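For the record, the sequence lines run as chains P and V. Heads up: the first sequence begins at 1 in the working numbering, then just goes up one per residue. Heads up: the second sequence begins at 1 in the working numbering, then just goes up one per residue.
Treat the hints as calculated values from the structure; they're not laboratory data. Every value quoted in this text rests on a predicted model; they were computed, and no experiment measured them. There may be inaccurate statements among the hints.
Claimed, not checked - In silico DSS-like links for lysine-lysine, alpha-carbon gap of 30 angstroms or less:
no.	chain 1	residue 1	chain 2	residue 2
1	V	Lys114	P	Lys231
2	V	Lys228	V	Lys65
3	V	Lys14	P	Lys31
4	P	Lys182	P	Lys326
5	P	Lys31	V	Lys313
6	P	Lys231	V	Lys65
7	P	Lys231	V	Lys295
8	V	Lys259	V	Lys116
9	P	Lys182	V	Lys210
10	P	Lys31	V	Lys116
The residues making up each chain are set out below.
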Amino acid sequence: MATQVLMPALSPTMEEGTLARWLVKEGDSVKPGQILAEIETDKATMEFEAVDEGVIGKLLVAEGTAGVKVNTPIAEMAGEGGAASAPPAPGGAAAAKQPPAPMPLPQAVPAAPAPVKSPQAASPDWPVGTPTKTMTVREALREALAEEMRSNDRVFLMGEEVGEYQGAYKISQGLLDEFGPKRVIDTPITEHGFTGLAVGAAFGGLNPVLEFMTFNFSMQAIDQIINSAAKTLYMSGGQMGCPIVFRGPNGAAARVGAQHSQDYAAWYAQIPGLKVAMPYSAADAKGLLKAAIRDPNPVIFLENEILYGRSFDVPILDDFTIPFGKAKVWRDGTDVTIVSFGIGMTYALEAAERLANDGISAEVIDLRTLRPIDYDTVLASVQKTNRCVTVEEGWPVGAIGNHLSATIMTRAFDYLDAPVLNCTGKDVPMPYAANLEKLALVTTAEVVEAVKSVCYR
Amino acid sequence: MAAKKPPETSNVSKDELLHFYREMLLIRRFEEKAGQLYGMGLIGGFCHLYIGQEAVVVGLEAAAKEGDKRITSYRDHGHMLACGMDPRGVMAELTGRAGGYSRGKGGSMHMFSKEKHFYGGHGIVAAQVPLGAGLAFADKYLGNDNVTFTYFGDGAANQGQVYETYNMAELWNLPVVFVIENNQYAMGTSMKRATRSRTLWERGAAYGIKGEAVDGMDVLAVKAAGEKAVALCRAGEGPYILEMMTYRYRGHSMSDPAKYRTREEVQKMRDEKDAIEHVRELLLQGGHASDEDLKAIDRDIKAVVNDSAEFAKQSPEPDLSDLWTDVYA
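One chain only, chain V, in its complex shape (with noise of 0.2 angstroms):
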């Protein structure tokens, strides 16, 4: 990952910047509200937070347009947030409950939302990259101008089917752009301890896709490197692969001691490389905002979060007959 980037202000409006702020705020607030939420028991079973990958999601956002597609790993909180889906309705679904996304019936790990083209929310590792693949092939079949972005980890690049499909979207020209969110760790497991390869990106050059490395920590370099993408892939000249450099300050997940790695190196992360700590210094670098304003913003955030955690207890279990519903349309 490069050194931190001196700020950058020429070509970015305040509003922007404060979007940015904003989303990326409202994303490590409600995992850390999630987190507390799993230590009450209030949460079960796995329970995967996107805490120090904001910039990823909310930056490939800001170079989506309407129609656009999105589909991920487990780790999905933070792309529903960025999309544009109700924090109640995912923190509900944490809890398993009535007022949930999948009417408790999924889960963190199983979340959709038709309305918002959020295709889930897949829990095993790497079966959301050919399922992306092909929602951009439908796009295309009916002849739209549509992107996919299939989100997967360092870890799911290891899989066979992220190869296979490779082949056929380079093969049929898909409109997908492929996010590697390479955050180190595989589980347990670094990148170097599980591949040669230098880079994830570039094996996409042995089925002819091009791609590229991003700091997946500037949400500017994410944004330009996204809007190149998906302009690519409208022109038909899809797909491409963007390998975002980016890191998980928790665990794996809720159960994950996280004793592969050195206090210090996350430490070092979050001081030096934090994605929002870089908006946020460029907001007050630039003078757009004060440190009352961004509090301001700071309290808003907390509200919403707040709310979301306050509907997703008081939200009903799902009703018994529930368990018989939606097994066939």
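So that you can see chain P by itself, here it is in the shape it has in the complex (with noise of 0.2 angstroms):
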């Protein structure tokens, strides 16, 4: 029973090779695994053996010959002994079938423009009526991570410090008295590690919370946030899911430098997989956190050391969540557009406040939730302002600021009266110095700035 020996792709992108050297004759027995041929593809020059027993009947192809096709019959070889060693044609039908093309590429604009909603009025995120009390960011937090902890006993929070110590910023105070080391638990300084072993607790089916101690350290363990966490489910064609929670504080605290100072805002936007939080207010880091450890996909939950002391008004509800991709609206106005979100909030709701006494009207939006982001309610209020600028504390190379702008000129290109302007931190690793610090973060005189600007007064 004869076979063809055909050319073979020797590495991901060879199409075709040099037949450098045979080194076996017609007449020659050989063995599975025996070298037939060296192959020179455009990296290396490759062995290829042979996968059945046999001998080699005509070489087809001959020593040195250059730009042999993949596929290509190279030679013929004769099978030996009975049927059970006969070699299954490599060639045939199979062979001379092309492989299979190419799959498209994915967009890269996610859709063609889309007739947007109305736009909306400022809208509460809780029935009218509902009483409320006032608490910090933290106590929201810890009050959330609780309410979810006692609800679901799949439910546990691990990082350093987050038992005995109490939390490095006291978020989990009293939780480990309350749920035991169990599911609270205390790890070692070993972010790459256990981010890692939550992730794999995440597909083992419990519903992890994992505390960096600040997002800084985030970057230890980036690779199973992004390879294995928000990946799998899309590798696994939906088999295995990842329901975890990332959280910790992010962005700027106070005088601690490059390394201890930077904003993940839009590092983790851009991956498709994850789910990623940023709030600004303690309503919202309560209901956005109860949403986010319930969610079944792995989320970045980013916080703020400088907001967790600030207080609001939370409403008291036995079971408050915030969904995702729901902007607020926390300012009505008529002559301008802010978005911004997290601690940005502080400085686009002082500037919407400067800007009234001088007489201009800003609406302002906090997107709380970067993935998915809310494009309806910002493109809504841009079609009634005509002028937008954003506010970030991130870096404005590939910033949020940067693909709102993007998604403002492909799909509102018509309402703008002026370029949209994005505020961000500048474009350097934070200095430590007091006076430089300030320098390098966003400020509510810049966004003021930017508003005049974009109206042209």
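Grab the two chains, each in its own frame, and use the hints to assemble them into the complex.
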């Protein structure tokens, strides 16, 4: 039974190669694994092995021939022995068939311009008449954790100093006492390891809440967050889920220098498979963290050390959650839309107040989540005000504001009366000196200036 | 590696030997077929064959029970076949077709089966090590007696996250068996060019983890070591390290010219240490099977493998709408 030996593909990109040398001659008996020939690819000279045993018939391509296309017959081979050792024909119909056509590339832009919903007024996240209490962001986060741990015993908190130390920033204060060391787990300082371990626990059916003492340390573990947590559902064709929350303070604190002052919003918001929340108020911190813990997907939950101590009204409700992908309009306005999130809201709201004194009416939108982003609320507002300024603490290159600008240009170009301006942190590592640090961060004055610029005032 | 042992048939049944023979042969023939399909352009990208290392997964699976988990690197085809995943689904994933385990979206390095407790298939060297400890953490948290086999190679053994994981696994007594498949080459770098450590399993001692080196070309030795490790883990005395001394006959991947070792070295391993030949001799010398019996098995395996290849060729490519599915649950 004669079969053909075909020119093999020996690298992911190889289409043709040079048959450098035959190591067998016509009439030779060969065994599986025996080297038949040396083949030069674009990267290396490779040895080409026999798969089955047999006798080499005619050599169809001479030594030294260049440009031999993959799947070209290069030799004939006769099988040996009985049916058991008869080689399955590597050639034939399958070899003649063209390789599968490559899949079309994903579209860079998610959708064509679509109609945008009519502008909406500010809408409260809880029913009118609901009693509220004043809480700090810190207390709200703690309450969210405790409530979710009470309602689902597969939820556990893991991280450095979350237990006996009561939390480096005291978010987990008291949780060890209530839930015990099985569910409030102190780890060694080992971010790469414990992040992978927690992702594995999520694969195994648990709902981990992983605290990074600050998100700066998540860079030690970013491979596990992106390659393991975010992509596995897709790579498994939908079989494997990863219900995990990565949370901790993000962005600049104060005077901690370049390695501890960094905003990861744009980094993580780029990753399909992750969800990203970055709350500003205590109510949003509570409602979004509860939603994050219940979410079947991996969630990056970006808190802020400076906001931890700020107080806000939080509704008194048995089960208060905020859905992902729904922005909050903090202030209605008609002249310009200011879009921000997280601590950037501090500057956005302060700027709006000052601008009001100058007779400029700013609508202020808090995105609250960066993946998904509530484009509709932003676009509806821009269609009303015809101007937009974005505010964030992160760096200017590849910023969330850049993405919003592109989206607004793509979907609401005709509504714009001025270019969208992005207020961001400066394009430098965070300096330590107090005066320089202040200069590096985005400021209320810069937001005011940007708004006046787009209003041509 | 120890010299070839004389046949030991006293404590192993004929059925078990035949099972080992079949399972190892299935992996080898499957991988040979995968190599062939790669050469034909039907399998793309990276394709890491397991040929030579078959005894490791087959021996350890013999020590596992239902509910135990396994997780490994990108050299994963053997692990999947050994834990009972369907060769058709594995091969169709290699060809990127809708009939594959990940519906064509994972490929050779990224396959999973919740049903068979196979947690991948991971493309980043050593990333599966903390993940495996996390699976074991989940089982301990849930209070069952399952064990997780966490496989990695001698190359992965030099990644820092392995030792972060060792530390936590011992600290929390996780029921995880760390299986180091020491095939002697981390891609093209031999172990002696990568470390001054004499062995890899002894590194566990720094964290208080016990372990041992095992002749990974001897399926019976592998099974015995696996049973011991699993028993310790089930008794709450995990983790445990098994360093399987093994050898891959093929290159690191299909595009590896393997110039870092001699042809003679590979041939010597094949001639003197081959795991399948070892069991074949035990079967023949023990009078458990005739040449004809084994040929019949060979024919059966070839039929299974050819069927999987045919399925993998015929299965359609994924629907274009599948590009957008499974990003979020």
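The hints, checked one at a time:
no.	hint	result
1	Lys114/V with Lys231/P	holds (16 angstroms)
2	Lys228/V with Lys65/V	holds (13 angstroms)
3	Lys14/V with Lys31/P	holds (29 angstroms)
4	Lys182/P with Lys326/P	violated (35 angstroms)
5	Lys31/P with Lys313/V	holds (27 angstroms)
6	Lys231/P with Lys65/V	holds (29 angstroms)
7	Lys231/P with Lys295/V	violated (43 angstroms)
8	Lys259/V with Lys116/V	violated (37 angstroms)
9	Lys182/P with Lys210/V	holds (25 angstroms)
10	Lys31/P with Lys116/V	violated (36 angstroms)
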